[in-house]
Structure formats: structure tokens, C-alpha cells
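Q: In case you want the letters, here they are:
Protein chains: 4
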Amino acid sequence: MIGIGVVGYGYWGPNLVRNLIEIPTAQLRWVCDLRTERLAGMRSRYPAVQITEDYEELLRDPKVDAVCIATPVATHFTMAMKALRAGKHVFVEKPIAANARDAERLVEEAERRGLVLAVDHTFIHTGAVRKMRELVGNSLGQLYYYDSVRINLGLFQHDVSVIWDLAVHDLAIMDYLLPERPVAVAATGMSHVPGEPENIAYLTLYFPSRLIAHVHVNWLAPVKVRRTLISGSERMIVYDDLEPSEKVKIYDKGITLTGSPARHGENIRQMLVGYRTGDMTAPQLDTTEALTRELKEFVSCIETGLVPTADGRAGLRVVRILEAATQSVNQRGAVIELQSEKVMA
Amino acid sequence: MIGIGVVGYGYWGPNLVRNLIEIPTAQLRWVCDLRTERLAGMRSRYPAVQITEDYEELLRDPKVDAVCIATPVATHFTMAMKALRAGKHVFVEKPIAANARDAERLVEEAERRGLVLAVDHTFIHTGAVRKMRELVGNSLGQLYYYDSVRINLGLFQHDVSVIWDLAVHDLAIMDYLLPERPVAVAATGMSHVPGEPENIAYLTLYFPSRLIAHVHVNWLAPVKVRRTLISGSERMIVYDDLEPSEKVKIYDKGITLTGSPARHGENIRQMLVGYRTGDMTAPQLDTTEALTRELKEFVSCIETGLVPTADGRAGLRVVRILEAATQSVNQRGAVIELQSEKVMA
Amino acid sequence: MIGIGVVGYGYWGPNLVRNLIEIPTAQLRWVCDLRTERLAGMRSRYPAVQITEDYEELLRDPKVDAVCIATPVATHFTMAMKALRAGKHVFVEKPIAANARDAERLVEEAERRGLVLAVDHTFIHTGAVRKMRELVGNSLGQLYYYDSVRINLGLFQHDVSVIWDLAVHDLAIMDYLLPERPVAVAATGMSHVPGEPENIAYLTLYFPSRLIAHVHVNWLAPVKVRRTLISGSERMIVYDDLEPSEKVKIYDKGITLTGSPARHGENIRQMLVGYRTGDMTAPQLDTTEALTRELKEFVSCIETGLVPTADGRAGLRVVRILEAATQSVNQRGAVIELQSEKVMA
Amino acid sequence: MIGIGVVGYGYWGPNLVRNLIEIPTAQLRWVCDLRTERLAGMRSRYPAVQITEDYEELLRDPKVDAVCIATPVATHFTMAMKALRAGKHVFVEKPIAANARDAERLVEEAERRGLVLAVDHTFIHTGAVRKMRELVGNSLGQLYYYDSVRINLGLFQHDVSVIWDLAVHDLAIMDYLLPERPVAVAATGMSHVPGEPENIAYLTLYFPSRLIAHVHVNWLAPVKVRRTLISGSERMIVYDDLEPSEKVKIYDKGITLTGSPARHGENIRQMLVGYRTGDMTAPQLDTTEALTRELKEFVSCIETGLVPTADGRAGLRVVRILEAATQSVNQRGAVIELQSEKVMA
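Protein sequences appear in the order of chains A, B, C and D.
All residue numbers for the first sequence refer to the numbering used here, where the first residue is 1 and numbers rise by one.
All residue numbers for the second sequence refer to the numbering used here, where the first residue is 1 and numbers rise by one.
All residue numbers for the third sequence refer to the numbering used here, where the first residue is 1 and numbers rise by one.
All residue numbers for the fourth sequence refer to the numbering used here, where the first residue is 1 and numbers rise by one.
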């Protein structure tokens, strides 16, 4: 039985609690939040769970093996580092930290102590993204591009830009799906409210191969769109997260390079590019709630010592891109090379 | 009665002919194409129109006042310059020329001779774009962004990239719609077929104000999309050219900056950004064929001396951006400043 | 302060409880359900509310002014009649009773005792349906037809057919929206599972005027559809309940009868029917939860003596049509005349 | 080489001509129309084809083997009978005749003379309907229902109701697709323009099995819909003719009857109905123009003596249902039994 404490009971914390309560091998022992009025409902619904305003109290409980952190991004590093130093395994909301240096220090601390450090890249645990993972690197053929649009009339954040708020999802999905790591990023963004962070941004990621990735994120769009195109040499995917059931559509479409250059003379190139089109299939998807899978995996990793799908290093890689993208926006779209993956000693 | 010759009877030429035949104040006198087999159908359908392989023959006819050019892009300059030098008014397919220097020379020649030089920016004559022109600069408020996606599994071109093939439409529309001229462009693109031009590209346009424009063009997409978002401080537009009738949707949505900073203390910014949402309207659009309007306007400009909506200078501005975008792609997305609008003497 | 008891805490009961708790002028005193395990969560969440398995206990409480009934349809009559006889106002789930005779008796009892009898026709309290009510009888012109499709791969019911399960919603909406009452109904249906009630059905309603109404309900459809067309001589409505925000679209479209018969000779009729097409508007809708509005209205009617929007007579009218439709299905679509509205003495 | 004459050069005739010209084994010899101004374009485009106002002249030509009839419905019988009596094979627009008695006489005449009589049920030659034919009777399992909606703001016809204009397509498709023939029909309809035929109608078809078919046709709808649901015990189809490429979607969905009645006691039925859901597939469809296939088949049948897919008897079956549906509308939806298939002697 893994003892668990949750810190942060705002927007996402209740989802963690609801799921942790249902995991047979876990025992939710504490929920901590500074705003005690939020915890009122907790007490009557889950009388066996202790509540506190004092994070240290939670950390002092020797029966707490792991901490799930759902506090604002700016506090992720402090909260997670305290937990690791208290010998607790850590599950932290995305992004794992507010900058790459902090993320590196968390990774180092967890690895040095042999603790599980997981980041909540929720989307990679959905049936849709897991199905796409099966396809990428298999029937899709050589990858050509990843193009995502994630826009709506959304809540303006005041502490982070639309890149840290929305593009983080695409970066997490790409980190999980794609067989290559990006080598550089360029981003442009604009703030339309004076004094606020960017509310619209475009990111381009460069890879070692001819793969190119692009993300459009926007808090100021008249319609909600959550659509990703992933194109390979053999098949193409449209992933529409707003579709109620057919979220992933696989198109048996592509180009074919055919013909003998020698035979076609002047029209050589025109003959070489053909089109191929076949069936479209929307496979049935696992509808298990992503967070359920994710938390079960976290608990299981603590028990077995295995590495979670989205570990601290995945969290770090995503934050490095977010940081580089922000730098690029500030330099009017300059291409920023991404560091290699190693964690500094 | 304006005498007209058409040169180029491939994909677009027949549309020019079909429309010119119906204009009461115009007389289609010649159609010229090197591939005479294409002209066979012409002769029986329009016995009054002369056909020739020899462009010079057409230009020598003193009753030809104007020439409509629908030949490949690489030949636009030569064809148009010959016509201008023969004293003919010119209507030329988009893009007006294959590079900015050639476009400038056409503009200079036409202006020096007092001849009408029009470029076929077809979309700006559609009911949809003309309706949007009424809105932009009026009820839309201050412009925030123009975002366009123009993708499908399309015919690969071998002489021009997807930017020159598809983004040209968005640049023409923006040139017509927007109250500002872009000051810089950045573009990234990728070719997935060795030896071929880019088949996917992303363009970003910078403006003097906070307006930002972005265009995604792609010949290798599993689905066809023709969707543009135009957002202003007061209203937002979704323009979907694939919708059979409701192509333009106007959303009475936006953000509102409210509240008194002094009163809200720490939450000052959180209080200031609110949302406003109202009705959506899809106005009825004029369904006149764009090319019909366009050719009538060209003939009318010859008669009256007025300047066409898309004159040579509009064509030049678009080609300058295409050229700068190509340069940016070759420099991995570097921002390229756009020249001021003046034509060199 | 109106004291209220809720009976039935299965699928819908918790929604009643959640809403009643928030009404300042109501006091939820009791929740009653035979399956006490369902009430476990109730006790901790709402400690001030008493729970019981014994409906009589609830009815004996003199501080209970009104009872909300969310038990299976077959029990509506008994539950409601007991409450009325105990002098309580009643709010009962749709359909108000399992047959017209029982519905009549409830109406009579409530009217004789001067008690409020309301039926939970939820949809008529949505922003979408209330907006349509504003349009019907005004800008829509003379009504031509009401056509509704309400289909999905849905849970088969075992005690009632798809007509009583799904068509009841359309009948309730029509009862609220339309200026006329139907005079006859014809219905066909089919059961594809031996021994089960009909899982697909088509209803046609006849009205005194040329208005015609038709409803397609289906538990065995591959896609979910909730779409109603309402057409008038001046405007037409598409009401799509699955649209996230633009649920009601108003089309300024129709036919026009023009021309002078005398002048057109043989083509007289061909000249008379023309088409008119204008803007489409999707008005902003009130997004208040329907059940919130409905329960507040019920409490207010108890206080003021006013009649609720969906009173017992509305519930009775709907049940009469359901009963006639069932009879028609059993007679292979025979047209069944509907009784006049009077309640038998 | 089969010599062919076309009579009727209005809306559909030009399509016949355009296709016949391209068939290598056919020779289009004549086009006949009373309105000679329509034939003007014909002469210049197809100089080898003779034109006439005199149908008898066409019939007298011994080199004419077959006649294609695209005149108004009211004239189909006379035109076709004359051609048959002149010993010509006949291809006639749908519906084959204006009433069942006339259709029978055409069938009898053609069969007695051993001539090919084909009816232009265009849709059954589309890739979409032919793909569905492969599925019906195979992977779909036992058929449950056919439900079609065919509505738009369409041209009012003055000589025929919306049933004869639009439902004829669904009846032709069903005649081709379904393994059973309907035994009865009921229909309701309404005219909203005084003196005009019905502009909205609903048809229900009864079959020997539990299969049920329903068609909604409407000239007065604010949106265009062309959508058919075909549900079987194993799979379900959505056929949307307005989809540009994915017209046929096959859903691996259905209900499953499971469990042992003996074991479940009271809940016997509740346990027996379960749901099954799997992949959705949109198969690639043959995009050959339907009319091309159809006319080639007609010519081939003349050469080989084979029976066309839609022969005179198919045309007759459809007209019998149209006639019965009209009768039902006039009797306020009364169920009309359909005659057995035999042609009277």
C-alpha cells in the first residue's frame, strides 16, 4: 500500500483525489491547500483523508510515500524539491517546472535518491494518443510533419503565456509520439492586451530528418479547435480531440514516386509524383480516463522501480523547448538550438 | 467595344474565354496557344474568334486593345511586356511575375504608357472577401490577427513551391483586406520529395501594429481545409471557403478590459480581462462569379481610365512578399524585411 | 420558505437535490429512496437533509410543502396522488403518468385541492427552446412544419418504448412552442429485439392548419443526432442540441409567391413560386441550467399561486399523444384522433 | 456499333449526349428536341450528329438501334412506346412512366419484342451505392432499417409532388440494395403553397421481415441533407452524399443479446441487450461517373442480350410504390398494400 499526499486543491487537485481514492494499492492520506475553504467539501466526502494547510506536516508523515503536486507552476520546483528531499516520490503537474534549470535540478535530485519523478503529461495516456503511438513508426511510414491547432476563446493566464499554457500539451504529445527529438525551435507570438503575456503564438520545431512540426496556440479564437495532422509517407492521421468518438482518423493516402526518368524526357518530374488514396479508418479507442491510467502507473512504478512513461526527463525536455520558444518569441522568431538531452552534473 | 486577345488556353484560359464572350462591351478577337490541339474545341464553339499559335500575330491586330495572359508563371513577364510595348492593356494571371524585379518593370512600363495593368487576384472579387472588406476597418474593431490554413492533397507543382502556388491567394486577400502593409516576413518550409520544391510551408507576416498574420499551405494533407480566422477587438470572423453557403461567419465575441486596478489589489490583472460573447451571423453573400466581376472591371477600367482593384502595384506587392518568403525559407526562417512600396525609377 | 421532499434518488434525483439545495426560498428536508445504499453519499454531503426509505414518513412531515418525484414512470401516479392527498404540491418527472387516465386523475386532484402540479419537461426551460418560443408566432411567419430527429445508439429501455423514452421530449417542446394543438397522430415503430418494446419509431402529428409535425426516434443508430427543423413562411430554424454553442440557427429563407397569374399564361404556377434567401443568425442563448430555472419556477408558483409553464395539463396533453401513438403503432400506423383537451369530471 | 438517338435536350439530355459521344461501341446519330434554340449549341459542338424537331424522323432511321428519352415524365410512356413499336431499344429517365399501368405496358411491349428497356436509376451506378450493395446481405447482418433524409430548399415542381421528384431516388436505391421487396407503403405529405403538389412528405415502407424503411423528402428545408442510415444486426452504414470523399461510413456497432435468462431472474431482459462498438471505416469508392457506367451497360446489354441492372421491371416496381404512396397521402397516411410483382398479361 502506497501512502500518498496531494498538495493543491484548486482546478486539478480534485481530479487527482477522485482517482487516487479508487486505486486499491494506494492510500490517500493527506490533502493540503492554503485556502482551507476549498477543503471543506473534502472533509465530508472523504472523512478518512487528513487535511492541512501545512505542507511540512504532510511531508513529516512517514506513511506518505509519494506526493502529487497540483499547485501553480511557479511553485512546482519548491514543492517537488521539498518532497524529494523528504524522500518522497513525486508526481507533478505539467509543466514540471517554470524553467529548465529547475527541472534539471529536480531530475538530478530524484535520480540521485532513486525516487520516482513523474510529470502529468495527461494527453499521452489517452486512448487516442496511445493509438497514434502504435501507428507512428509503423504503418505511417517515414514521418513528414506534425501540425497542431489548439485554439479557443480561453481564459487568459496572467503568469504564463499561451505557449506555456497550451503548447505544452503538443510538446508532451510529440515527446511521446515521435521517434526523433527536435534540434531547434522558432516561435512568434503576440500579446493583444497590454502588459499581458502572449495570447497567440506559432511554434516551429526542427528535427534531424525532414520531419517538421508546427503548433498554433491561441486564447483569442472565435471557435474551439483541437486538431492535429500527422503525415507519413504511407498514411496520414487527423486527430480531432473534439470529436465525441472518432477522434483518430487514419487515411490511407500519400504520394508515390513512380516512373522511369529516362523514359519520360522533359516530363520526368511530373511523372514521378503520383497520388495514392485508399480507405479511411477511425479505430475504436480505449476510453479509460487518462488520469486514472497515469496515476495507476505512478503507483506501480513506485512498487516496481520501473520508470514512468512521462518521467522527469520527459518533463525537462518539454520545459527546455518551452523556454527556447519563449526566447525565440523575444527575438522575433529567431531559431534557437536546443541543448542535447544530458542533464548537467 | 474593347477588342481582346487571350493567350494561354490551358487550365484557366477557357474560363477567361467563357466570361469574355458574355461581356457586351468587349469583343474577344483572338485566342493564342502553342498547343493547337487545345484550340480545336474553341473553333467550333466560338467560330467568330480567331485562333493562332503566333502571339505576334495577335499583337499586330490594331483592333486588339487588351491582352489577357494565362500562360505559365515563368512567361508572364515576357508576354505582358510584349503586350504593353505593343500598346495593349494587360490582365495577367497571378502571380503577376516570377520575381519582384520583373513585376516592377511591368508596373513601370504600364504607368509610363498609361495602360491598364491588372492582375488576376480572383479571390478578392468573391462575395465572401468583399463582405469581409466591409467588416474590416469597421465593426471588427482593431485588428489582432489573420490566420489562414489552405491545405489538401494537391497536385505537386514542379516549377514553383507551395508558397507561390497557394499562399499567393492569402497574400492577395490580405493586400485587399488589411488596412496595413506588412513590414517583414518569416517562412519555413520543407520538401518531402527529393529535388522538388517545398510542399509544406508556414508564413508569418509582421505589421507596424500588433496585427500578426500567419498562413499554413500544404500539398500533402489528408483533408482539404480552406479556413481563415480574422480577429479584431470587437468581432471575429471565420471564413471557410468550403462551406456551400455560410462561408463567412461573424462572431460578436471578444475580450473586455474592465475593472479599476486600484480596487482589486493583487488580482488587478485577473479582473481586467473579461469575455464578451453575442450572436453569430452568416451574412448572405453575392454569388456572382468572381472572374465575371473581375473581367468586367478590367474592361470598364480601359474605358474609363480608372485603376482596377488589383492593379500592377498590388501584383508587385504580393510578389515581393513571395520572394521574401522564399528567401526566408532558404535561411531557415530568418525574418526578411520588406521593401517600402515605391517602384524604382 | 418552502419545505421540500425528494423521492427517488437514482439517475435524476441527485440533480434535483443539487439544484434544490441552492434555492434560497426552499428548504430541502427529505430524500427518500428504497435503495438505502444510494443515500449513503447524500448523508455526508448534505447532513441537514433527512433520509428515509419510508415515503409516508416524508409525507407526514407538516413542514414539507412540496414533493419532487423522480421514481420510475410506472410509480408516478401512485407517488403523486399520495402527495396530493397529503396536501403537498407536486413536481413529477416526465412523463407525468404511465397513461392518460392516471394523468387526468392527477390533474383533477391537484385542481380540486388548489395545489401546484408541475411536470418536468426539462427542455422547455433551456435557453435554446425559450429563444425559439420568441421566434415562433413572431418572425417565423405562418408555421409549415416541425421535424425532429432524436437518435443514437442508446440504452434500451425494457418497460417503455423509444416513443415514451425519447419522443416525449419533442412532444413537450411542441406543446410549449406551437400555437396549435395536434388533432391526430399516426405512428409506426419496430422492435428488432424479440420481446422488447419498439426501438425505432416515426410519429406524425396533424394540426388544424397546414402545419405538420414529424419525429424520428431511434435507440439503434450509429450516430447521435438531436436535430429539429422548424419552418415558417418567413424564416426557418435549425435547432441542433449537440452543437456546443450555436444550437439555434435562424435562416432568413423561404419561398415567395409572386407574379400575376393573368400575365403568365401557361407558366402561371412556375412564375408564382420564387425563393428568398438572406442572412443566417445564431443568437446567443441563455445558458442557465434548465432544471435550475424549472425548480425555481415551481417554488415560486407555490408562493404566488401562479401556474407553472409545464403544469399537469401540459403533462396530460403529452401523455395523451404518447398513448395515441402507441395505439397507432399497434394498428400499423392508423391515424388516431386526439381527444379534445378537457379533463373528464 | 450501336446507333443511338437522344430525345429531349433540356436539363439531362446534354449529359446523355456528352457520355454517349465517348462510348466507342456507340454512335450517336440524332438529337431531337422541340425547342430548336436548345439544339444550336449541339450543332457546332457535335457536327456529326443530326438534329431534328421530328421524333418520327429519328425513329425512321434504320441505323438507330436505341433511343434515350429525357423528356418530361408525362411524355415518357408515349415516347418509349413509339420507340419500342419501331423496334428500338429504350433507355428512359426516371420515373419510367407517370403511372404503373403505363409502366406495365412498356415492360410488356419490350419483353414481347425482345428489346432492352432500361430506366435511368442513376444513383445505383454510383460508387457509393455499389459499395453498399456489397455490404448489404454480407457483413451488415440481418437488416433492421433504411432511413433516408433528402431535403433542401429546392425547386418546386408543378407537375409532380416531392415524392415523385425526390423519393424516387430512394426507392430506386432500395430496389437495388435490399434483399426484400416492400409489401406495403404509407405516406403523409403536405402542400404549403395552395394549388401546388406536396412539398414535404414522409414515406414508410413495410417488408415481410422486421425491416422497416422510411424516407423524408422536402423542398422547403433551410439546409441541404442527403443522408441515409442503413442498420443491420452486425454493422451500420451512414451514407452522406454531400461528403466530398467519405460518402459511406461503416460502423462496426450493434447490440448483442447475451446472458442466460434462467440465471438472471427478474432482470432477464435487462441482461440480454448489450452494446458492441468497434472501428469505423470509410472505404475508398469508385469515382466513375454513374451515367457513364450506366450508358455503357445499356449499350452492352443491346449487344449481348443481357438484362440491365435497372430494367423496365425495376422501373415498374418503383412507379408502383410512387403511385401507392400518392394514394396513401390522399387517404391521410392509410397503409396501401403493394401488388405482387407480376406484370399483367
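A few of these clues could be false.
The list cannot tell twin chains apart, which means a pair is met if one copy fits it or any two copies do.
To be verified - Heads up, simulated DSS-like pairs for lysine-lysine below, C-alpha to C-alpha not over 30 Å straight-line:
1) Lys82 / Lys249
2) Lys63 / Lys131
3) Lys249 / Lys131
4) Lys224 / Lys249
The hints are simulated quantities; they were obtained by calculation from the structure and are not laboratory data.
Q: Hint by hint, work out which the structure violates, then give me just those numbers in ascending order.
A: 1 and 2
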